[in-house]
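J.: Heads up: the protein sequence lines correspond to chains A and B, in order. At position 81 of the first sequence (counting the first as 1) the number is 81 in the working numbering, and the numbers step up by one without a gap. At position 68 of the second sequence (counting the first as 1) the number is 68 in the working numbering, and the numbers step up by one without a gap.
Any given hint could turn out to be false.
[What the hints assert, rightly or not] Short derived list, chain A residues pointing at chain B, Cβ under 8 Å:
id : residue
1  : N2
2  : N4
3  : L8
4  : E18
5  : L20
6  : L22
7  : V25
8  : L41
9  : G42
10 : I46
11 : L49
12 : E50
It should be emphasised that the hints constitute simulated quantities derived from the structure, not laboratory data. If you're wondering where the values come from, they're calculated on a predicted model, not measured in any experiment. Cβ atoms here follow ideal geometry from the backbone N, Cα and C, with glycine treated the same way.
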Amino acid sequence: MNNNMDNLMAELKAQIIEQLNLQEVQPGDIDNDQPLFREGLGLDSIDALELIVLLQQHYNIKLSNPADGPEVFYSVRSLAEFITAEREKAG
Amino acid sequence: MSLYITSAVIIRNQTVRKNGSVAFQSSETNVHLFLRAIYDYLEVSYTRFHKMDALNKLGWAAAEFLLQEIESGFVDKESAGIVLANKSSSLDTDERFLESTKSVASPALFVYTLPNIVLGEICIRHGLKGENTFFVTPNFDITFMHDYTEQLFESEAVNACIIGWAEQYHEQYEAAFYLVQKSSMGLQEPFTIKALEKLYE
Chain A
1 MNNNMDNLMA ELKAQIIEQL NLQEVQPGDI DNDQPLFREG LGLDSIDALE LIVLLQQHYN
61 IKLSNPADGP EVFYSVRSLA EFITAEREKA G
Chain B
1 MSLYITSAVI IRNQTVRKNG SVAFQSSETN VHLFLRAIYD YLEVSYTRFH KMDALNKLGW
61 AAAEFLLQEI ESGFVDKESA GIVLANKSSS LDTDERFLES TKSVASPALF VYTLPNIVLG
121 EICIRHGLKG ENTFFVTPNF DITFMHDYTE QLFESEAVNA CIIGWAEQYH EQYEAAFYLV
181 QKSSMGLQEP FTIKALEKLY E
């Protein structure tokens with residue numbers, strides 16, 4: 001389970017860098033628990049759109065309630081936990 | 001009117017030169033990694049940097065070195081301007097954006113597809129609120145930049161001005177930034193075409 005979560009978080013870091021065009025950022029620069037928005041990577045509302053697209057493209061998950069966004073996209077870990085929960089729901 | 005070049009920064013060939021002396025060097029040949037190495041060297045926390053494209057990062061880095069130790073000399077940022085030029089505009093990012101439209105167009109890329117964004121990022125960072133202009137010209141026309149800047153001062157559009165060249169396309173990059181002020185401080189070089197050319201060498 002922990003390995004799965006670690007692998008998913010590593011995968012997400014690479015996808016975030018690719019999707020958001022963070023050209024000089026390495027996966028190791030992103031801490032699992034650091035805030036993605038404002039501080040941390042300094043992401044903004046446009047990046048939130050990119051992350052929603054990322055969820056749909058790579059994981060076939062739609063964020064049905066936009067109000068959940070701040071919690072889901074808080075960090076790489078929260079995003080990975082959300083994906084894991086959605087996968088479990090889908091069976 | 002007496003004007004002075006109070007600071008000058010040249011970035012090319014993996015090297016940053018400030019006022020004629022090497023201020024930073026890196027072995028990184030990749031433009032993105034070189035600019036990241038500058039960011040790390042400066043030891044500033046500015047998360048917007050990571051979101052910038054290479055042209056923005058180049059302009060941001062040049063302005064950081066240019067204004068180091070002299071920022072307090074900007075008495076009135078309300079009328080401190082910035083005039084830059086390059087030859088490739090934001091073509092590097094424009095091309096990547098065009099490529100992205102073949103699948104899902106990236107809004108994060110789109111927001112940077114203008115050279116004017118370089119000016120905006122520098123103005124936000126340093127609080128400059130004066131005249132700002134970005135020219136796209138075939139080469140760094142020092143005579144034109146000199147004459148245009150003089151006119152800005154004479155018409156009292158600015159009381160200090162960053163002028164220069166910020167060019168980046170794929171792995172080719174070069175920045176030449178000068179700070180022009182009415183008072184003789186810092187580099188204390190009279191603002192002449194010859195002085196601009198000498199510092200650009």
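J.: So, against the hints stated earlier in the document, which numbers end up violated here?
T.: Result: hints 1, 2, 3, 4 break, sorted rising.
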